[in-house]
Amino acid sequence: MKKTIRVLWNGNFKKVNECKHRYRVLMGGAGSGKSVNVAQDFIKKLSCKKYKGANLLVLRKALETNRDSTFAELNAAIERMFGEDKHKFFIIKTSPLYIESKITNSAIIFRGMKDEFQREKVKSITFKKGKLTWIWMEEATEFLEADLDILDDRLRGELQNPNLYYQITLTFNPVSASHWIKKRFFDKPSDNVFLHHSTYLQNRFLDEDFHKRMMERKERDPEGYRVYGLGEWGESGGLIFTNWKAAEFDTDLSRFDALFMGQDFGFNHANAIILVGIKDGDIYVLDEVYLKNYDTNEIIKYCEGKLPKNVYMFCDSAEPDRIRMWQKAGYKAVSCPKGPGSVKAQIDFLKSKRIFIHPKCTNTIREISMYRWMKDARTNTYLDEPMCIDDDLMAALRYSVEYLRKAEVLKR
Numbered sequence: 053m054k055k056t057i058r059v060l061w062n063g064n065f066k067k068v069n070e071c072k073h074r075y076r077v078l079m080g081g082a083g084s085g086k087s088v089n090v091a092q093d094f095i096k097k098l099s100c101k102k103y104k105g106a107n108l109l110v111l112r113k114a115l116e117t118n119r120d121s122t123f124a125e126l127n128a129a130i131e132r133m134f135g136e137d138k139h140k141f142f143i144i145k146t147s148p149l150y151i152e153s154k155i156t157n158s159a160i161i162f163r164g165m166k167d168e169f170q171r172e173k174v175k176s177i178t179f180k181k182g183k184l185t186w187i188w189m190e191e192a193t194e195f196l197e198a199d200l201d202i203l204d205d206r207l208r209g210e211l212q213n214p215n216l217y218y219q220i221t222l223t224f225n226p227v228s229a230s231h232w233i234k235k236r237f238f239d240k241p242s243d244n245v246f247l248h249h250s251t252y253l254q255n256r257f258l259d260e261d262f263h264k265r266m267m268e269r270k271e272r273d274p275e276g277y278r279v280y281g282l283g284e285w286g287e288s289g290g291l292i293f294t295n296w297k298a299a300e301f302d303t304d305l306s307r308f309d310a311l312f313m314g315q316d317f318g319f320n321h322a323n324a325i326i327l328v329g330i331k332d333g334d335i336y337v338l339d340e341v342y343l344k345n346y347d348t349n350e351i352i353k354y355c356e357g358k359l360p361k362n363v364y365m366f367c368d369s370a371e372p373d374r375i376r377m378w379q380k381a382g383y384k385a386v387s388c389p390k391g392p393g394s395v396k397a398q399i400d401f402l403k404s405k406r407i408f409i410h411p412k413c414t415n416t417i418r419e420i421s422m423y424r425w426m427k428d429a430r431t432n433t434y435l436d437e438p439m440c441i442d443d444d445l446m447a448a449l450r451y452s453v454e455y456l457r458k459a460e461v462l463k464r
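Count the sequence shown with our numbering and you get residues 53 to 464, in order.
The set of hints was computed from the structure by calculation and includes no laboratory data.
It is possible that part of the hints are untrue.
[Stated by the list, open to error] Each computed BS3-like pair below joins lysine-lysine, with the alpha-carbon atoms no more than 30 Å apart:
| # | residue 1 | residue 2 |
| --- | --- | --- |
| 1 | K102 | K72 |
| 2 | K234 | K72 |
| 3 | K140 | K181 |
| 4 | K390 | K458 |
| 5 | K183 | K145 |
| 6 | K180 | K104 |
Just need the whole structure built from these sequences, with the hints factored in.
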């Protein structure tokens with residue numbers, strides 16, 4: 053089978069696609085086109101007999117998020133390149149997610165690494181033809197450094213095809229400047245690392261509406277624009293929480309001294325629910341629900357069997373009708389009263405504790421990494437008020453500890 057592949061590219065990724073470094077690290081802002089480019093690059097290479105014997109492992113921290121992100125992106129790349137002939141040249145399966153080139157027999161397998169079970173499955177991956185040569189870590193800031201070490205060990209052994217090479221590709225929007233990716237790849241440059249930075253301003257395929265929205269964000273949230281628009285590392289100054297750690301721990305509910313949930317209602321912005329456990333005075337984030345464009349009935353159905361019903365759920369007091377819906381569904385949902393200074397008091401309480409976050413709670417990790425105080429543009433000083441952007445799970449976290457906070461106040 054022969055097929056002439058024609059596809060449009062952003063020229064600023066030419067060196068990215070040509071490099072053969074062990075690590076290909078693509079940092080950029082939203083809309084920069086980095087993930088689209090990587091998907092096209094892999095599909096082109098896996099369809100080329102020059103790279104026969106190559107295989108690709110694609111990862112998101114949570115396996116299920118691959119379906120609407122990496123799998124969809126790779127499938128779209130196949131559509132752009134092969135059009136209506138795509139099924140002549142590719143086997144595409146959705147359960148489980150799997151793509152295979154009929155030209156080279158090279159395959160793409162999708163995995164997650166949110167718990168020990170998923171990590172073990174990554175260690176035992178085999179392919180029908182050839183070896184695992186390439187790995188793509190999408191939203192790489194969701195991963196632990198230990199995850200990368202596990203993946204690194206999978207790329208070893210002699211390759212029969214002299215055109216092949218081992219490579220791990222990381223794509224991500226930057227978060228806090230304290231992130232391990234920055235320390236490992238950017239602060240200590242190495243010959244086996246290819247670094248690339250891109251922004252939406254270099255993406256020639258974006259429409260004017262996207263540019264307009266970015267300008268609106270620049271006006272409303274300069275720091276957020278700097279990170280998500282210009283793809284720069286977030287400031288380490290102004291961060292609200294530094295007393296947290298992403299770490300594996302036993303999530304058996306019976307081992308905790310107390311359990312609580314918090315919920316911040318949303319629709320266009322995320323509806324966020326967090327489950328926390330208290331052990332020896334420390335706070336453990338055990339699970340999260342983070343859904344956009346779901347109504348309350350759909351969210352309740354989604355949570356059936358996922359969240360315990362015998363645990364108090366402290367909810368945004370501004371939505372009494374929604375709270376009643378959760379109560380009718382069997383949950384111990386109650387209002388979390390708001391008052392002058394309550395947000396600052398909740399934050400101060402959380403800052404006085406050690407917080408451990410299970411790695412599967414990727415959205416909680418992302419939000420807490422970026423949760424920061426507002427800055428007065430005139431004086432360049434931070435205010436005692438958090439920025440209310442991308443903070444849905446942080447609000448849920450604050451609600452979840454309100455009972456504990458008030459109990460400690462009464463003891464004084």
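Exercise. Hint numbers the structure violates, sorted upward?
Worked result: none
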